[in-house]
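Produce the complete structure using the sequences and hints provided.
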Amino acid sequence: NAGVTQTPKFRVLKTGQSMTLLCAQDMNHEYMYWYRQDPGMGLRLIHYSVGEGTTAKGEVPDGYNVSRLKKQNFLLGLESAAPSQTSVYFCASSYSTSLGRETQYFGPGTRLLVL
Amino acid sequence: DAKTTQPTSMDCAEGRAANLPCNHSTISGNEYVYWYRQIHSQGPQYIIHGLKNNETNEMASLIITEDRKSSTLILPHATLRDTAVYYCIVRAFTGANNLFFGTGTRLTVIP
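Keeping their order, the protein sequence lines are chains A and B.
For the first sequence, the numbering used here gives the first residue as 1, with consecutive numbering after it.
For the second sequence, the numbering used here gives the first residue as 116, with consecutive numbering after it.
Heads up, a few of these hints could be off.
Chain B is faced by these chain A residues, among others (derived, beta-carbon under 7 Å) [to be verified]: (1) Pro-39; (2) Gly-42; (3) Leu-43; (4) Tyr-64; (5) Thr-86; (6) Phe-90; (7) Pro-108; (8) Gly-109.
No lab work stands behind these hints, which were simulated from the structure alone.
No residue lacks a Cβ here, since even glycine has one placed at the ideal position from N, Cα and C.
Here it is in structure tokens:
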């Protein structure tokens, strides 16, 4: 199993450009998450999904959109990138919220620089 | 979810036990204590979790005080590969299952 993979690994954008980050998991997990991590800080939840076709806002959703058209994929979109979105983006997945199945597995991260 | 307080940084000699404390004085009865770690530039990795009993797995031990207001993660024989930021997270099994990460403890294992 590859676990959780993210593409691209690194990207440079100009202010106002758009892009999509792809997260894929091969563990048949129901739940998927997008976090961002700024220098010296912990992770903050952007959006999450509890199943195919469903998404919800997290702690810092502004400026981002997501889609979960397939169970194994969770896309994070930036419609008009801003320098404040320079960050490292982590995707994670888990089976559910039930005890014993709630462990989150994280991808390697995508480093985004917005100029 | 309850807030946690951890020391900013700690050092540990290689081969010794690393004891990482965490205060969670506002923890509620249905909230679990989780530990994750993040090795430089990588995604966080789950270590262990518990409710009120002490827990042990192949990676670490978790000691929770009787009043549940604090806990300690123990890495019994720290290696250089254990150098990482360790996050203590308290959460209940409701809602999105998202994890509230603070700034964690940066553990440096010294040769």
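Each hint, compared with the structure:
The criterion of a C-beta within 7 Å of any C-beta in chain B is not met by A:Pro-39, whose closest approach is roughly 11 Å, and the hint is violated. Satisfaction of the interface hint for A:Gly-42 is found here, the shortest Cβ-Cβ separation to chain B being roughly 3 Å, below the 7 Å cut-off. Below 7 Å, beta-carbon pairs count as interface contacts, and A:Leu-43 has one with chain B at about 4 Å; its hint therefore holds. Taking 7 Å as the C-beta cut-off, the interface hint given for A:Tyr-64 is violated, the closest approach to chain B being about 15 Å.
Here the hint on A:Thr-86 is broken, as its CB sits about 15 Å from the closest CB of chain B, past 7 Å. The beta carbon of A:Phe-90 comes within 5 Å of a beta carbon in chain B, closer than 7 Å, and the hint placing it at the interface holds. Given the 7 Å rule on beta carbons, the hint for A:Pro-108 holds: about 6 Å separates it from the nearest Cβ of chain B. With its C-beta approaching chain B no nearer than about 6 Å, A:Gly-109 sits inside the 7 Å limit, and its interface hint holds.
In this structure, the earlier hints numbered 1, 4 and 5 are contradicted, and the remaining ones agree with it.
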